[in-house]
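J.: Residue-level listing of the chains:
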Amino acid sequence: MVTLLPRLRGYLFTVIGIAVGVAGLVALGAMSERIVRFIEGGDRFVLGQISVAGRGMGMGTGFTGGGLLPAATLRAVADVPGVEGVQAQVMLPLNPTTSQFMTLTQELVMGMDLSVPSPNRHYRTLPIRSGRFLREGDRRVAVVGASFAASHGIDAGSRLALEGQDYEVVGVLERMLTAPDRFVIVPIADAREQWVTKDPMLRTLLASGGVALTASDLNTGAAVGWRNGEDPDAVALRIRERVPAVNVQIPSELSRLLRSSTAFFAALTIGISALGLTIGGLSLANTVAAAVFERIRDFGVKRALGATDLQLGREVLGEALGVTLSGGIAGIVVALGLGFGIDAWAARSGQQLFFFSARLLTGALAFSLLLGAASATYATLRVVRLSPAEAIRRGG
Amino acid sequence: MLRAEGIVKTYRGPSAPIPVLAGVDFGVGAGEFTVIAGPSGSGKSTLLNVLGLLEDADGGTVWFRDVAVTALSRSDKGRHRGRFVGFVFQAFLLLPSLTALDNVLLAGRYVGAVKGEGRRRALMLLEQFGMGERGAHYPRELSGGEQQRVAFCRAIFNDPPLILADEPTGNLDDDNGALILKALRARAQAGGAVVVVTHRTDVIAGADAVYALENGRLRRS
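Chains A and B, in that order, are what the protein sequence lines are. Quick note: this note's numbering has the first sequence finishing at residue 472, numbered continuously throughout. Quick note: this note's numbering has the second sequence finishing at residue 298, numbered continuously throughout.
Quick caveat, the hints were computed from the structure, so don't treat them as lab data. Note that CB positions come from ideal geometry on N, CA and C, so glycine has one too. Hints are not guaranteed to be accurate.
The calculated lysine to any residue pairs, modelled on SDA-like cross-linking and capped at a C-alpha distance of 20 Å, are [unchecked claim]: (1) A:Lys274 <-> A:Ala237; (2) B:Lys192 <-> A:Leu388; (3) A:Lys274 <-> A:Leu289; (4) B:Lys192 <-> A:Leu289; (5) A:Lys274 <-> A:Arg216; (6) A:Lys274 <-> A:Glu183.
So, partial list: chain B residues that the calculated Cβ filter (under 7 Å) puts toward chain A [claimed, not checked]: (7) Asn126; (8) Leu131; (9) Glu132; (10) Gly136; (11) Trp140; (12) Val144; (13) Leu149; (14) Gly155; (15) Arg158; (16) Gly159; (17) Gln167; (18) Leu170.
Construct all of the structure, not just a fragment, from the sequences and the given hints.
T.: So, in structure tokens, the structure goes:
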């Protein structure tokens, strides 16, 4: 250690060079991871349930189809063989201006029927960061997603006005890096009231008394579960066959649809990752190789003193790994600092640009070490091909 | 101890090959202080490099104690250098990232010197050459004369029977030059073989044998 420290001091610029490369690699990788989490989160959600909506022509909100899904239809869905659990839901845009529709960052109000456990196999409960989740019998309370909380500056205990009504925020979800981050989750009865307030046509229809509707008929969709051992696609097709006037999303089809609609982001992810690997990798390989070539005279002297190729190779490789590890760790620290700093700023508008997963950090470090070792080996092989005298001459 | 026969070396030039050594025969025995003189560019350093296996000749053979060392593998050549040859260079060639003490100890690293013993010997050598207080200093903190004294300690650390010195006083003032020459002569008097390449007349004086290298050939003067 005593002799390693001065040597590492001699490698300061190399360590800085490697740190810059690794920081670039990790930062770009973290942006890519963020996008992957968003896509995977959506995929995980749609594969965990069968989404059923009322058939209609209205603009889709979230996973619904825009039409009404009356209570009788929900009962019919529940009676389909293979179905286990039907949870009525109301999904509404928080801000129903056209510019907010169909964006990946749309803020949604989601009303949940809390008398039924969540049928979504991947989200039996949503993770709570502070406060609590909704309970059956709650009214005028809300649980908000992490991005929503950040962008609106609210936490558990805050007040929130929705359609002119005052709500108490009783909980904030953990950041999930996908759609629920922007949700305001309320009891379904509250969401139904908001829907009626928001939608003049529905209000007119109800006031006319021309249709026989009760509050329990006001659902935009339902999350439907399936019994153990059942094929979810088969159950979804069965619902489609047996229950009229519903839009049924086949989980695997919806997953494909989601993936194709996010194909741009998937391509972006690959592009960013490739860019990170190329820029970071080239920078690192170049820095390590240059550090070895810079010391060509030292290697000539060592060989004059009796170092064999193997001894020299081992020594260079050991030093290169030490330097790469130091640079790699420094680069990760720089990337984390930058990422958290930028995210702290972006959080004010509810955004998160980076996600530093464990697999990214360990992968980046392993990649750095491998590339550092490979570059050092390549450079050493080039150096030891020279005679000691030639190495001393060239290094002079 | 060291014998060379028919050493040929030609460098590639930009337009034509440059012959440097054209069949050189040379020998030095134990206890001899031998000087190879010649003008700059005559090939003195090249000859010394070939004798010390720092570079390969195009032809000819070098024997060390009747072993044809030019035929050894690259690794064995390295082991031979570490065990049997001490080099002193005009430019000192200390490693800038190591202290004076560590530079001396470096000579022991590749021949399996025992750590504790090596450190004691290195400190003793530095003390002997008036560098006892400078062991923790880096080369950039030492004068040219001090650096050469450290380099000399490094060259004799493994107590090699053969010392090859390339213009060892070339970058030194008179006092330091005299000190290094005295040390080289002392090695020869102690039974070692010392070969010094130089163009300085003060080095030639007192040599057991003096050779002149001209037009690629070695001539005893």
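J.: With reference to the structure, classify each hint as holding or not holding.
T.: A quick look at each hint next to the structure:
Between lysine 274 (chain A) and alanine 237 (chain A) the CA atoms are separated by roughly 14 Å; this keeps the pair inside 20 Å, and the hint holds. At roughly 19 Å between alpha-carbon atoms, lysine 192 (chain B) and leucine 388 (chain A) fall within 20 Å of each other, so this suggested pair holds. For the hint pairing lysine 274 (chain A) with leucine 289 (chain A), the CA-to-CA distance comes to about 17 Å; that is within 20 Å, so the pair holds. Of the pairs offered as hints, the one joining lysine 192 (chain B) and leucine 289 (chain A) is violated, with about 93 Å between alpha carbons and a cut-off of 20 Å exceeded.
Taking the CA atoms of lysine 274 (chain A) and arginine 216 (chain A), the gap is about 17 Å. The hint holds against a cut of 20 Å. Of the supplied pair hints, the one linking lysine 274 (chain A) and glutamate 183 (chain A) holds, its CA atoms being roughly 15 Å apart against a limit of 20 Å. At its closest, the beta carbon of asparagine 126 (chain B) sits 4 Å from a beta carbon of chain A; the interface hint therefore holds under the 7 Å criterion. Checking leucine 131 (chain B) against chain A: minimum C-beta separation of about 4 Å stays under 7 Å; hint holds.
Among the interface hints, the one on glutamate 132 (chain B) holds; its C-beta lies about 4 Å from the nearest C-beta in chain A, closer than the 7 Å criterion. The criterion of a C-beta within 7 Å of any C-beta in chain A is not met by glycine 136 (chain B), whose closest approach is roughly 16 Å, and the hint is violated. Contact between tryptophan 140 (chain B) and chain A, as hinted, is not supported at the beta carbon level, the nearest pair being about 19 Å apart and thus beyond 7 Å. This hint is violated: valine 144 (chain B) has a C-beta 16 Å from the nearest C-beta of chain A, more than the 7 Å allowed.
The closest approach between the C-beta of leucine 149 (chain B) and any C-beta of chain A is roughly 11 Å, which is over the 7 Å cut-off, so the hint fails. At a threshold of 7 Å, the smallest CB-CB gap from glycine 155 (chain B) to chain A is about 4 Å, leaving the interface hint in force. About 5 Å separates the beta-carbon of arginine 158 (chain B) from the nearest beta-carbon of chain A, less than 7 Å, and the hint is met. At its closest, the beta carbon of glycine 159 (chain B) sits 2 Å from a beta carbon of chain A; the interface hint therefore holds under the 7 Å criterion.
Nearest Cβ of chain A to the Cβ of glutamine 167 (chain B): about 11 Å, over the 7 Å cut. The hint is violated. The interface hint given for leucine 170 (chain B) holds, since its Cβ lies 5 Å from the closest Cβ of chain A, which is under the 7 Å cut-off.
Of the numbered hints listed earlier, those contradicted by the structure are 4, 10, 11, 12, 13, 17.
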